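Participant: The lines below spell out each chain.
Number of protein chains: 2
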Amino acid sequence: MFFEGSEKKLEIRVTADVPSLRSLGRPFWQAIVACANAEILSQLSNPQCDAYLLSESSLFVWDDRFVMLTCGTTTLANAALSFISQFGSDKVAFACYQRKNEYLSHLQCSSFDEDLFRLREKLSGKAYRIGHLDSHHHYIFCTDSCCDGVLDDTTSELLMYHISGKTADYLRCNQQSTEGIRALLELDSLLPGFDFDDFLFEPFGYSVNGVCDDRYMTIHITPQENSSYVSFETNLDLGQYPQPVFARLLQILNPGSWDVIGFNAGRNTRGYPDHLCLGSCTLESESGYTIAFSHYQQICHEVLIPEQM
Amino acid sequence: MFFEGSEKKLEIRVTADVPSLRSLGRPFWQAIVACANAEILSQLSNPQCDAYLLSESSLFVWDDRFVMLTCGTTTLANAALSFISQFGSDKVAFACYQRKNEYLSHLQCSSFDEDLFRLREKLSGKAYRIGHLDSHHHYIFCTDSCCDGVLDDTTSELLMYHISGKTADYLRCNQQSTEGIRALLELDSLLPGFDFDDFLFEPFGYSVNGVCDDRYMTIHITPQENSSYVSFETNLDLGQYPQPVFARLLQILNPGSWDVIGFNAGRNTRGYPDHLCLGSCTLESESGYTIAFSHYQQICHEVLIPEQM
Numbered sequence: 001m002f003f004e005g006s007e008k009k010l011e012i013r014v015t016a017d018v019p020s021l022r023s024l025g026r027p028f029w030q031a032i033v034a035c036a037n038a039e040i041l042s043q044l045s046n047p048q049c050d051a052y053l054l055s056e057s058s059l060f061v062w063d064d065r066f067v068m069l070t071c072g073t074t075t076l077a078n079a080a081l082s083f084i085s086q087f088g089s090d091k092v093a094f095a096c097y098q099r100k101n102e103y104l105s106h107l108q109c110s111s112f113d114e115d116l117f118r119l120r121e122k123l124s125g126k127a128y129r130i131g132h133l134d135s136h137h138h139y140i141f142c143t144d145s146c147c148d149g150v151l152d153d154t155t156s157e158l159l160m161y162h163i164s165g166k167t168a169d170y171l172r173c174n175q176q177s178t179e180g181i182r183a184l185l186e187l188d189s190l191l192p193g194f195d196f197d198d199f200l201f202e203p204f205g206y207s208v209n210g211v212c213d214d215r216y217m218t219i220h221i222t223p224q225e226n227s228s229y230v231s232f233e234t235n236l237d238l239g240q241y242p243q244p245v246f247a248r249l250l251q252i253l254n255p256g257s258w259d260v261i262g263f264n265a266g267r268n269t270r271g272y273p274d275h276l277c278l279g280s281c282t283l284e285s286e287s288g289y290t291i292a293f294s295h296y297q298q299i300c301h302e303v304l305i306p307e308q309m
Numbered sequence: 001m002f003f004e005g006s007e008k009k010l011e012i013r014v015t016a017d018v019p020s021l022r023s024l025g026r027p028f029w030q031a032i033v034a035c036a037n038a039e040i041l042s043q044l045s046n047p048q049c050d051a052y053l054l055s056e057s058s059l060f061v062w063d064d065r066f067v068m069l070t071c072g073t074t075t076l077a078n079a080a081l082s083f084i085s086q087f088g089s090d091k092v093a094f095a096c097y098q099r100k101n102e103y104l105s106h107l108q109c110s111s112f113d114e115d116l117f118r119l120r121e122k123l124s125g126k127a128y129r130i131g132h133l134d135s136h137h138h139y140i141f142c143t144d145s146c147c148d149g150v151l152d153d154t155t156s157e158l159l160m161y162h163i164s165g166k167t168a169d170y171l172r173c174n175q176q177s178t179e180g181i182r183a184l185l186e187l188d189s190l191l192p193g194f195d196f197d198d199f200l201f202e203p204f205g206y207s208v209n210g211v212c213d214d215r216y217m218t219i220h221i222t223p224q225e226n227s228s229y230v231s232f233e234t235n236l237d238l239g240q241y242p243q244p245v246f247a248r249l250l251q252i253l254n255p256g257s258w259d260v261i262g263f264n265a266g267r268n269t270r271g272y273p274d275h276l277c278l279g280s281c282t283l284e285s286e287s288g289y290t291i292a293f294s295h296y297q298q299i300c301h302e303v304l305i306p307e308q309m
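Chains H and W, in that order, give the protein sequences.
Quick note on my numbering: the first sequence kicks off at 1 and runs consecutively.
Quick note on my numbering: the second sequence kicks off at 1 and runs consecutively.
Where hints are given, some of them may not hold.
To be verified - Calculated from the model, a selection of chain W residues having no Cβ within reach of chain H, i.e. all distances over 12 Å: (1) P27; (2) L116; (3) K126; (4) N254; (5) S287.
Unchecked claim - Footprint (simulated), chain H over chain W, 3 or more residues, beta carbon under 8 Å: (6) 82 to 94; (7) 106 to 113; (8) 150 to 156; (9) 277 to 284.
Because the hints were derived from the structure by calculation, they are not lab data.
These numbers come from a predicted model, not from an experiment.
Where is the CB? At the ideal position from N, CA and C, for every residue including glycine.
With these hints in hand, go ahead and build the complete structure from the sequences.
Facilitator: Given below as C-alpha cells:
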C-alpha cells in the first residue's frame, strides 16, 4: 500500500521570442507528461492558464512558463530534458527543479544527484540540499539566469506528513466523494473565485487543481496510514491574502510534521498548531529571489506503533 | 566526505551442543568479517570475551554467542548467512538483526527488506520497523526461538546524530590522538574496570572496544559535518550502574537528536539535555523480552546551512 506522495517539481520560463506555450496544445504536453511516466486525466482552462490534472499530480501552462509536479516514482527530470532539447537551452530564461522530502528515496528511479548531473549538461545553475539527511530535507536546483517574472512572483508550498483526525479518517474510508473532500478542505471559502478540477483515485488519494486569472492552487493527498502526505501549493501572495490558508489546512489535516517552502514569500505562523520549528533557513539567490524553508513538528509525544514486516 | 556511520547489528546465540565459538579462532572470524566486506584491525581478549575492532565497527565473541556491528556499506546479512550455513539453522538458539537509522539508505548494497527476505530462508522470526519513514526509524528482526541468555541479558544502545561543541570540534580537527579522544569521552571514569582497545581512522573517525569480565562496550564515531553519528552500546545494566553513562555522553557530544534502544533495559532520561521525546514505543516479544525505542530531539531551533551540491 506504500505510495510516495512527495513531489518533484519543475518550473521553466521561456524567453520572450518563444511562441505561447499554451498554443502547443494538449498533444505536446501529453508527450512531455509521458516522459515523466504520467498521463493527463483532465483539463481546466481559463483565459490565462491551462491546468492539467495528471495521474501523478499536476501541470500548469501559461504563455511564457509551465509548472509541473509529479509524485510516485515518476521521472520528471526526463520531462525537463525533453522540453529543453526541443526548444534549446538558450530559450530557457529560468528553470527550477526541486525534490521534496521523500519517504523511501531508495525506491526512486534516480537520485537528485543523478537528476542534477543530467540537468547540468543543458543548464548552468546552483543546487542545494536544505535540511539534514536524517530529517526533512529538500533539494533544489535553479539556473543562474533569472528573469522579471520570477522576481515578481510568489510561490508558497505547504507539505504535510502524518495527517490525523476527522478529515484524515474520511480520506482513508471507502465511501468518499470529491464533493465530500472539497467540503472538508473548505476550498470554496478558503479560495473564493477559484475554479476547481478534482479527481479521486482508487483505493484512495485525491488531487485538485484550481485556477483564478493567472493564479493557481493544487492539493495532492496520499492518505495512507504510516506514510500519509498532503501538499498544497499556490502562487497566491498568501501574505496579502484575506484567508489564513496554511493555518486552516493545518487545523483541518492535523499533520504530525510539516514543511513550508516559500519563494519570495513571507513567513507567518499565526494559527499554526502548537509546534516547534526544528530548523529553517533563507537562501538568497544571486539573481535576487529568496527561497525560505522551515521544518515544523507538532509539540507532542507520539506512541509509535511498530510496523510488522 | 560522506560516510554512513549508522550500523547494522547482528547477535547470534548458539545451542548448548555447539563447541565454544571462541575456540574457532581468529581465522574463522576473519572469514566471517570478510563476508561483510570488513576486516579485523586488532583484538582485545579477557577470559570470557574476544573483542575485535573492525575496519567498520566491532565484533564480540563469547563461548555461546557473538555480537557484530558494521557500518558504512558493509553487507552484514552476508556474514549472518555464512555463519548459519556453516553451523545449520537448528544450531541457532536465538538471532537478532537490526539496521539503525541511515542517513543515505539508497547508497546501501541492500535494503532491510532484501536482507529480511534472505534471512527468512534460514530462520523464522518477526520483523518490525519502529519509527516513521520520514523520521528516525529502525528495523529489527528476531527469531521466534529464544533462550535463557537473552531473557537475562540487558543491552542499551545510544545513537547520536549531529554532534556539536568542543568534543565534536576536536574529533574533526587534524591533530587528534586516541588518548585525547579517550580523555574527552571520560572513558576511564565512566567505565572503571574496563580494558580498552581503540583506533583512529584517516582523515577522522574513531572506534573503541572495551571489555570487563563478560561485559562489553563499544563506541564508534563518524564526526563528519552534516552527517555526524556516534554510537555507544553496552550490555551493562545501566539502570543499576553507578555512572550516568548516557547522560554524560550526551552532555559531552551534544547531539541535535538521538535515539535510545534498549533490550530488557529501563528508561532513564535524568541528566539528558533539554529535549522533546518525539516518539517512543515498547515492543514485547512473544518469547518474553522487551525492546524499547525512543527518539529524542534537543529543544532548539536550528538555523540550517544549505549544502551546495
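Participant: Please go over all the hints and tell whether each is borne out by the structure.
Facilitator: How the hints compare with the structure:
1. For P27 (chain W), the shortest C-beta to C-beta distance to chain H comes to about 35 Å, beyond the 12 Å cut-off, and the non-interface label holds.
2. The beta carbon of L116 (chain W) is not kept farther than 12 Å from every beta carbon of chain H, the shortest such distance being approximately 6 Å.
3. Remark: the non-interface label on K126 (chain W) conflicts with the geometry, its nearest Cβ contact in chain H lying 7 Å away (cut-off 12 Å).
4. Against chain H, the non-interface label of N254 (chain W) holds: every CB pair exceeds 12 Å, the least being about 15 Å.
5. Against chain H, the non-interface label of S287 (chain W) holds: every CB pair exceeds 12 Å, the least being about 16 Å.
6. Three residues within the 8 Å Cβ limit are the bar, and the region 82 to 94 of chain W against chain H gives 0, so the coverage statement is violated.
7. Remark: the region 106 to 113 of chain W is confirmed as covered by chain H, as 5 of its residues place a Cβ nearer than 8 Å to a Cβ of that chain, reaching the required three.
8. Only residues whose C-beta sits within less than 8 Å of a C-beta in chain H count toward coverage, and the region 150 to 156 of chain W has 0 of them, not enough to reach three; the restraint is violated.
9. Restraint check on the region 277 to 284 of chain W versus chain H: 6 residues with Cβ-Cβ distances below 8 Å, three needed, restraint holds.
This entry does not satisfy hints 2, 3, 6, 8, going by the numbered hints stated previously.
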